[in-house]
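Asks: Listed here are the chains, written in short residue letters.
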Amino acid sequence: MRYVQEFRDPGLGRALAAEIRTLAADGRSYKLMEVCGGHTHTIYRYGIDGILPPEVELVHGPGCPVCVLPMGRVDLAVATARMPGVTLACFGDVMRVPGSAGSLLEARSQGADVRIVYSPLDALAIARAEPDREVVFFAIGFETTAPSTALTLRRAQAEELANFTCICNHVLIEPPLRALLDSADVQIDGFIGPGHVATVLGAEPFLFVPREYGRPFVVSGFEPLDVLQSIRMLLEQLREGACTVQNQYGRAVPWAGNPRALAVMDEVFEVRPEFEWRGLGAIPHSALALSGAYADFDAERRFALHAPDVEDPPACQCGEVLKGLIKPWDCRIFGTGCTPERPAGTCMVSPEGACAAYYTYGRHETEREPVA
Amino acid sequence: MTRGVGPEALVRGPGAVRCTTCGDIAESVRVVRADPGAGLALCVDDSGHELTVQTELVGPVAAGEVLLVHAGTALAREA
Numbered sequence: 000m001r002y003v004q005e006f007r008d009p010g011l012g013r014a015l016a017a018e019i020r021t022l023a024a025d026g027r028s029y030k031l032m033e034v035c036g037g038h039t040h041t042i043y044r045y046g047i048d049g050i051l052p053p054e055v056e057l058v059h060g061p062g063c064p065v066c067v068l069p070m071g072r073v074d075l076a077v078a079t080a081r082m083p084g085v086t087l088a089c090f091g092d093v094m095r096v097p098g099s100a101g102s103l104l105e106a107r108s109q110g111a112d113v114r115i116v117y118s119p120l121d122a123l124a125i126a127r128a129e130p131d132r133e134v135v136f137f138a139i140g141f142e143t144t145a146p147s148t149a150l151t152l153r154r155a156q157a158e159e160l161a162n163f164t165c166i167c168n169h170v171l172i173e174p175p176l177r178a179l180l181d182s183a184d185v186q187i188d189g190f191i192g193p194g195h196v197a198t199v200l201g202a203e204p205f206l207f208v209p210r211e212y213g214r215p216f217v218v219s220g221f222e223p224l225d226v227l228q229s230i231r232m233l234l235e236q237l238r239e240g241a242c243t244v245q246n247q248y249g250r251a252v253p254w255a256g257n258p259r260a261l262a263v264m265d266e267v268f269e270v271r272p273e274f275e276w277r278g279l280g281a282i283p284h285s286a287l288a289l290s291g292a293y294a295d296f297d298a299e300r301r302f303a304l305h306a307p308d309v310e311d312p313p314a315c316q317c318g319e320v321l322k323g324l325i326k327p328w329d330c331r332i333f334g335t336g337c338t339p340e341r342p343a344g345t346c347m348v349s350p351e352g353a354c355a356a357y358y359t360y361g362r363h364e365t366e367r368e369p370v371a
Numbered sequence: 000m001t002r003g004v005g006p007e008a009l010v011r012g013p014g015a016v017r018c019t020t021c022g023d024i025a026e027s028v029r030v031v032r033a034d035p036g037a038g039l040a041l042c043v044d045d046s047g048h049e050l051t052v053q054t055e056l057v058g059p060v061a062a063g064e065v066l067l068v069h070a071g072t073a074l075a076r077e078a
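Residue numbers (numbering that gives the first Met the number 0), protein chains in the order written: chain A, 0 to 371; chain B, 0 to 78.
It should be emphasised that the hints constitute simulated quantities derived from the structure, not laboratory data. The C-beta atom is built at its ideal place from N, Cα and C for all residues, glycine as well. Check each hint, because a few of them may be wrong.
[What the hints assert, rightly or not] Computed Cβ-Cβ distance ranges for the label pairs, DEER-style: (1) B/Asp-34 <-> A/Glu-105: 47 to 55 angstroms; (2) A/Arg-300 <-> B/His-48: 19 to 27 angstroms; (3) A/Ser-28 <-> B/Gly-63: 21 to 29 angstroms; (4) A/Arg-13 <-> B/Arg-76: 43 to 51 angstroms; (5) A/Asp-329 <-> B/Val-43: 20 to 28 angstroms; (6) B/Val-43 <-> A/Asp-308: 44 to 52 angstroms; (7) A/Ser-28 <-> B/Val-43: 26 to 34 angstroms; (8) A/Pro-53 <-> B/Arg-76: 37 to 45 angstroms.
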């Protein structure tokens with residue numbers, strides 16, 4: 000497909016890295032957060048961290064929806080999947096997220112009907128094909144994914160499909176960014192902004208970051224040259240004392256977003272009073288529930304479901320990783336009690352999670368202090 | 000090949016298996032055949048996999064156009 004190779008050109012990458020080294024050679028240090036897990040994956044898959052100068056530190060933000068899913072919501076999914084007659088459909092990474100009573104993968108191995116789908120539309124197809132099953136779609140994701148769920152629910156309503164419901168875990172990007180920026184222990188100089196969230200929201204809604212918090216923000220694409228160029232743009236702003244939102248991902252992101260996507264989200268969802276985030280705690284107005292017009296498709300209402308309050312495992316330090324306070328290898332159970340094969344924390348589950356990215360690409364082998 | 004339900008919903012790449020949805024990843028696909036009445040289009044990705052895409056968010060599409068797709072829904076046309 001067009002574009003991909005152009006944005007992985009090694010020569011252009013080396014040139015951008017040289018420009019970044021020049022910009023960073025002013026005696027200061029720069030701490031930049033990539034908000035989105037997709038960026039984290041790109042950074043480690045293509046070794047971007049290895050070609051940056053030591054003055055530029057990348058920290059990994061809360062933009063992986065699996066990584067911020069609290070255990071109580073996983074327990075809710077597992078309990079639903081174990082209900083007689085229920086088929087629970089979910090995205091792939093959710094399968095291995097540990098709850099207090101096991102994961103969905105373990106529930107499936109014990110007989111629960113749990114199916115991986117690529118899109119909400121696939122879950123709807125299951126409901127059409129198997130009218131004797133109650134098909135519950137476990138919806139997860141930021142504003143990028145929420146329109147897909149909304150369109151699917153609109154189809155279900157139009158078809159008067161009675162055996163299709165949704166557990167809505169969709170979350171919003173602005174509240175956790177504000178929570179991070181309001182946190183006294185988080186020191187971030189600039190943000191590599193979530194490009195695909197911005198295809199829906201646009202770049203404009205991120206203006207609060209420079210205007211209210213005085214940090215530059217660059218909406219970025221996901222190829223390696225996109226990320227390098229975004230880092231360069233942030234450094235240029237910081238060097239020049241500028242502070243604004245720039246759109247590096249203009250080939251996909253309109254300044255004002257996608258109005259059709261925003262409209263269907265407004266129709267199908269309403270904002271929850273608050274929602275629990277792994278490592279960040281309860282954040283007001285940070286997640287979506289189904290609106291009254293779609294109440295018939297709300298599995299939490301139809302089956303009287305309730306997510307229990309469950310503490311994270313005491314040894315797990317996902318919260319500090321998600322705030323950028325520690326590196327994954329600083330966690331006391333990284334690579335020992337928590338591995339991609341047997342994750343204890345959510346950041347080790349998804350390949351987009353910071354811990355899994357470090358582990359998969361071997362960063363811990365070179366960066367960890369040897370044990371004496 | 001058609002993909003959708005099952006383990007193939009994960010994208011395999013060198014050294015990793017990724018979930019397109021959880022990673023907030025969108026991918027480029029080319030429209031093969033549009034069904035404007037249903038708001039759907041049959042598309043093909045880089046690997047030759049066929050997938051059905053919801054197209055309501057980008058308006059009418061035509062064969063040959065390249066769309067940026069996330070979780071089975073086109074979010075944008077590639078400029």
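Asks: Work down the list of hints and note, for each, if the structure agrees.
Replies: Evaluation of the provided hints:
Separation of B/Asp-34 from A/Glu-105 is about 39 angstroms and departs from the stated range, judged on CB atoms against 47 to 55 angstroms. Between A/Arg-300 and B/His-48 the CB atoms are about 36 angstroms apart, so this pair departs from the stated range of 19 to 27 angstroms. In this structure the supplied range 21 to 29 angstroms is violated for A/Ser-28 paired with B/Gly-63, their Cβ-Cβ distance being about 48 angstroms. Between A/Arg-13 and B/Arg-76 the beta carbon distance is about 32 angstroms. The supplied range of 43 to 51 angstroms is therefore violated.
Under the hint 20 to 28 angstroms, the C-beta atoms of A/Asp-329 and B/Val-43, about 44 angstroms apart, miss the expected range. Under the hint 44 to 52 angstroms, the C-beta atoms of B/Val-43 and A/Asp-308, about 46 angstroms apart, fit the expected range. Evaluation of the 26 to 34 angstroms hint for A/Ser-28 and B/Val-43 yields a failure: the beta carbon distance comes to about 46 angstroms. In this structure the supplied range 37 to 45 angstroms holds for A/Pro-53 paired with B/Arg-76, their Cβ-Cβ distance being about 41 angstroms.
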